[in-house]
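Asks: So the chains spell out like this:
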Amino acid sequence: AQSVTQPDIHITVSEGASLELRCNYSYGATPYLFWYVQSPGQGLQLLLKYFSGDTLVQGIKGFEAEFKRSQSSFNLRKPSVHWSDAAEYFCAVGAQSSNQFYFGTGTSLTVIP
Amino acid sequence: NAGVTQTPKFQVLKTGQSMTLQCAQDMNHEYMSWYRQDPGMGLRLIHYSVGAGITDQGEVPNGYNVSRSTTEDFPLRLLSAAPSQTSVYFCASSGTTTDSVWAEAFFGQGTRLTVV
Chain D
1 AQSVTQPDIH
11 ITVSEGASLE
21 LRCNYSYGAT
31 PYLFWYVQSP
41 GQGLQLLLKY
51 FSGDTLVQGI
61 KGFEAEFKRS
71 QSSFNLRKPS
81 VHWSDAAEYF
91 CAVGAQSSNQ
101 FYFGTGTSLT
111 VIP
Chain U
1 NAGVTQTPKF
11 QVLKTGQSMT
21 LQCAQDMNHE
31 YMSWYRQDPG
41 MGLRLIHYSV
51 GAGITDQGEV
61 PNGYNVSRST
71 TEDFPLRLLS
81 AAPSQTSVYF
91 CASSGTTTDS
101 VWAEAFFGQG
111 TRLTVV
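These protein sequences, in sequence, are chains D and U. Taken in order, the first sequence gives residues 1 to 113; the numbers are from the numbering used here. Taken in order, the second sequence gives residues 1 to 116; the numbers are from the numbering used here.
Because the hints were derived from the structure by calculation, they are not lab data. As the structure is a prediction and not an experimental result, all values here were calculated from the model. You may find that some hints are simply not true.
As the list claims (entries may be wrong) - Now the in silico label distances, taken between C-beta atoms and shown as ranges:
id, chain 1, residue 1, chain 2, residue 2, range
1, U, R77, D, A29, 31 to 41 Å
2, D, H10, U, S84, 23 to 33 Å
3, U, S69, D, E66, 36 to 46 Å
4, D, I9, U, F10, 24 to 34 Å
5, U, S84, D, S80, 36 to 46 Å
6, U, V88, D, S52, 43 to 53 Å
7, U, R77, D, K68, 36 to 46 Å
For glycine and all other residues, C-beta sits at the position ideal for the given N, C-alpha and C.
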């Protein structure tokens, strides 16, 4: 069965520090992988996606993510966090075999000055 | 460009009442879906549709019905509301007749539902 694990429920970082949010997935075939961000009271916005090719993908707002097949991971990174990055982040897998998206439980990011 | 529009934004229901959450998209997307978001559980898929006239169940379909009579609209019906259905509901759409359904999912702003 497909699943997505985000092991960190909540992360606090200082403004200007680097950030890495972890995501591990379980899926039998090559997955479609996504990172979404949700600001308070808002819907989800796509940050980046991976379908194939270069395993390091660039997204909006200075985010990037690296697909590591051997580790079944798709971790999100940002070299320098801004206060406006405080939000909830969701990793998701698109399972073509079942036409369904599977979301992780999310990581809440707090940015302190 | 409105994207995905959900109504209402907030709703309070009494146990046993029924209601319909509306979702409309203007991007000619084939794929539409409904999720519920609960604390600590992420988003869970309720129902989805890969095109007009086609619907299927997701992970948590019990207590909900959907229909897809047009490409644009995908309403979610709560048949007999229960306190366990208190949640935030999101509608999403993706894909067109020429693009991959997996390109990007566009989400509505959500409906916060409380069942008392």
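Asks: Decide, hint by hint, whether the structure agrees.
Replies: For each hint, the structure was consulted:
no. : hint                      : result
1   : U/R77 x D/A29: 31 to 41 Å : holds (34 Å)
2   : D/H10 x U/S84: 23 to 33 Å : holds (25 Å)
3   : U/S69 x D/E66: 36 to 46 Å : holds (43 Å)
4   : D/I9 x U/F10: 24 to 34 Å  : holds (26 Å)
5   : U/S84 x D/S80: 36 to 46 Å : holds (42 Å)
6   : U/V88 x D/S52: 43 to 53 Å : violated (33 Å)
7   : U/R77 x D/K68: 36 to 46 Å : holds (42 Å)
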